[in-house]
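J.: One letter stands for each residue in the lines below.
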Amino acid sequence: MTVDRTGTPLVEMRNVSLSFGGVKAVDDVSVDLFPGEVVGLLGHNGAGKSTLIKILSGAYAADAGEIHVNGERARIENPRDARRYNIETIYQTLALADNLDAASNLFLGRELTTRLGFVDDARMEAETRAIMGRLNPNFRKFSDPVSALSGGQRQSVAIARAVYFDARILIMDEPTAALGPQETAMVAELIGELKKDGIGIFLISHDIHDVMDLCDRVSVMKNGKLVGTEDVGDVTDDDILGMIILGKKPERAAA
Amino acid sequence: MADAANEPGQVPGAIGPRRSFLESLEVDTRLLGMIGAFALICLVFQIWTGGLLEGRFLTPRNVFNLTIQTVSVAIMATGMVFVIVTRHIDLSVGALLATCSAVMAMVQTQWVPDLLGLPLGHWAIAPLAILSGLVAGALIGAFNGWLIGYLLIPSFIVTLGGLFVWRNVAWLITDGQTIGPLDETFRTLGGIGGTLGEGASWAVGLALTAGALWALLSARRAKVAHGFPVKPLWAEAAVGLLTALGILGFVAILTAYEIPARVLERDAARAGTVLPEGFTAAYGLPLSVLLLIVVAVGMTVIARKTRLGRYIFATGGNPDAAELSGVDTRLLTVKVFALMGALCALSAVVASARLTNHTNDIGTLDELRVIAAAVIGGTALAGGFGTIYGAILGAVIMQSLQSGMAMVGVDAPLQNMVVGAVLVVAVAIDIAYRRPEVRREVLRFFGFVVAPCLALAFLVSPAFIALIIPAGLIVGLVFYRRGGA
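Read top to bottom, the protein sequences are chains A and B.
Residue numbers for the first sequence follow the UniProt record's numbering, beginning at 1 and rising by one.
Residue numbers for the second sequence follow the UniProt record's numbering, beginning at 1 and rising by one.
Check before you lean on any hint, since a few could be wrong.
[As the list claims (entries may be wrong)] In the BS3-like style, the derived pairs of lysine-lysine whose C-alpha atoms are separated by at most 30 Å in a straight line are:
1. K196(A) x K24(A)
2. K24(A) x K225(A)
3. K335(B) x K305(B)
4. K305(B) x K249(A)
5. K225(A) x K248(A)
6. K141(A) x K225(A)
7. K223(B) x K225(A)
8. K225(A) x K195(A)
9. K231(B) x K141(A)
Source of the hints: derived by calculation from the structure; they are not laboratory data.
Treat the numbers as computed from the prediction; the structure is a model and nothing was measured.
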């Protein structure tokens, strides 16, 4: 399963920096992502990976650097901008409103309305049933608030939201952290489906095994800086651990 | 249509056969609990004031009075639901009501007559006054919302400060004087001075019934059209029937309150006519109650059917999620508080019209009644949950408790103590069923605190308190059991 990296990348972040009160959370980092590719972002807590990704999703604005989407310079200043570029984020904290049902969450901020401008709950529920029927056929709890759902079910609502709105670039922040083995397998399967559709995925994770299983490339960050980006096929678990812990690039046997 | 609808199972996500009667009805069990508690309060006071049939509590006259006394607090309580749902609080609503009332009183008695030269009693005075009150209320509310949303000052602080500021702005505007008498048209919004009479009341009642049934039907249609499971037809019919009975029964009670003969004679004499022999007329629905109904319907539509309402609840449930989904939560705060301010102005219309004057102490302590009404009505202070009808019912429950106690001669300090205790106990019950882990503690609270207090109250003012509250608790406990799950 090789990714064609000859064309234009879906998204390119060039020399991006962001400081919080003198601390450089992200320091001159460049990463890119091609269609149908999964790039893992690895690093310790506080390495800057979440901050980097929040810049792409519009939650933070970068101090310096450029973002290019499909080769063109993109201005992303808030989450709405990001959505316009078909960038969707699935947050670690599962950004769902617990008190609302699945359909309300799926369409939050982009409600379907009737001709009179009222929210069209019936149509939203119908759409939700349709997409959940495809992604997670066992999903039943359409009229319950999402607080009544399991971690995997909530994750599938979040993923459904991204897929429904034609995400081209998907950001997944620890997508399997709150899940049991079976649900993790379900998410892995889902990622495979999304890849086939040519969607690019940034996957943030702590878990090296996750990354080795799911990703095509890994970018490792430490102290706000990019240590390096490697093809998963070219490196071992130990190489990556070295990058994460020591911030040291793996030595090439023969290049 | 009904056959297709009654067959679950073909639809993804359809639930199997339903179990109990209540579950089939799909009625909010929390609502049932509140209605049960309310019915019990009515029953106890009815028996206490002279027996089930002879009692004075459920007479048309008292129901009428209770209703018009509740309107002002109930209107504000609907706005407080949105404020509390978005995890804020508004302590300034009573003061805001006073400022709006002062502005409107000055507009109609001095500013418009003096500056625009319209004579007192001119038809344009009342609309101008109401409009200026609404603008003042909305602007002040929006300003509060801006301080909270954009400057990130906690709403508790902003509105606590606002309580001092706006109560005294009202004082400043009027020099602390009572302003009145207010415009005659304006006064019709106060309650007994402006009622629809028999015919129009029934027309409104029928229109409301038709509207409610249409809403039920169209909701069902929408579900059927998309092939969702719907509740059995008999359950739908039962809900419709109960709703219709409730609305029409309420109208029947209000139209049964006849205008006393001497008032009719006085009015006839003033108009220069003579009353026909045996002529009677009824008050019917007061305009202020009609206003409350319009507000209730409007606010419910906002809550359930508009993006604004969806964002209010989403923000209350998870502010970060709302923000990340592209909801402008800062502007939303401004909108919510502006709406609250406008509703304070409407309440000010009703309150000052009922008193026929603007008084310096109008709306004092209303903030607490309004918050209590919203909370008794099931609005969670943690945000995200609350209903408009619940808040109105909360206001009705508090007002009935208070006026019932006054009727049976409970001392004033005891009345307020009971209302305060009911607020805390209602929330305790709610928490006991939302959070199983504190259930034992809540039970202990009832055993060691509530029960001794009841015993003490029993010694001070026999017969009374010991009756209502424990009975209310039992009903509450039974119904809250499922509502909180």
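J.: For each hint, tell me whether it holds in the structure or not.
T.: Going through the hints against the structure:
| no. | hint | in the structure |
| --- | --- | --- |
| 1 | K196(A) x K24(A) | violated, 37 Å |
| 2 | K24(A) x K225(A) | holds, 9 Å |
| 3 | K335(B) x K305(B) | holds, 17 Å |
| 4 | K305(B) x K249(A) | violated, 56 Å |
| 5 | K225(A) x K248(A) | holds, 12 Å |
| 6 | K141(A) x K225(A) | violated, 43 Å |
| 7 | K223(B) x K225(A) | violated, 53 Å |
| 8 | K225(A) x K195(A) | holds, 28 Å |
| 9 | K231(B) x K141(A) | holds, 16 Å |
In summary, the numbered hints that this structure violates are 1, 4, 6, 7.
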